[in-house]
Amino acid sequence: MKGVERQIEPAGLISMEFSILKSFAEKSEWTVTQLADVLPADAPRISRLVSKLVDRGLLRRRRRTDDRRVVLLRLTQQGKDLSEELRQRVNEHENRLLDGVSPEELETLRAVTSKILANHAIMEQSRGR
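Under the working numbering, residues 10 to 138 are what the sequence shown spells out, in order.
Note that these hints are calculated values from the structure, not bench results.
It is possible that some hints are incorrect.
Straight-line C-alpha distance at most 30 Å; calculated DSSO-like pairs for lysine-lysine [unchecked claim]:
{"id": "1", "residue 1": "Lys89", "residue 2": "Lys36"}
{"id": "2", "residue 1": "Lys11", "residue 2": "Lys124"}
{"id": "3", "residue 1": "Lys31", "residue 2": "Lys89"}
{"id": "4", "residue 1": "Lys124", "residue 2": "Lys36"}
{"id": "5", "residue 1": "Lys36", "residue 2": "Lys11"}
{"id": "6", "residue 1": "Lys61", "residue 2": "Lys11"}
{"id": "7", "residue 1": "Lys61", "residue 2": "Lys89"}
{"id": "8", "residue 1": "Lys36", "residue 2": "Lys61"}
{"id": "9", "residue 1": "Lys31", "residue 2": "Lys11"}
{"id": "10", "residue 1": "Lys31", "residue 2": "Lys61"}
{"id": "11", "residue 1": "Lys124", "residue 2": "Lys31"}
{"id": "12", "residue 1": "Lys124", "residue 2": "Lys61"}
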């Protein structure tokens, strides 16, 4: 079991559901399409996961007033509380993992990881994904 998953499992979430909840720290309202653009999952999967989060009372849906076709998602108070609690747990876990790693080493790791991810994205695009 992965470390982050171990931190969020007691809340009954999988990592992609946690990623959806974390997205609301950056922006208060999202559409499923917007979430699918920034998360590593397609819109149908995001939509299914959002429905589960709505059913659990962690997210709520509302239609945009100027375009009723657009459904906006927002965290409920319960979702905000859980998201904050889980982010703290995950941050503490990550801090323990990085104990003894210098800021310079961490910056090197981030730079190399960024290059690898960029190369992966280029490879995926060339495969037509």
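Hints the structure violates: just list their numbers, smallest first. Per hint list: single violation, 12.
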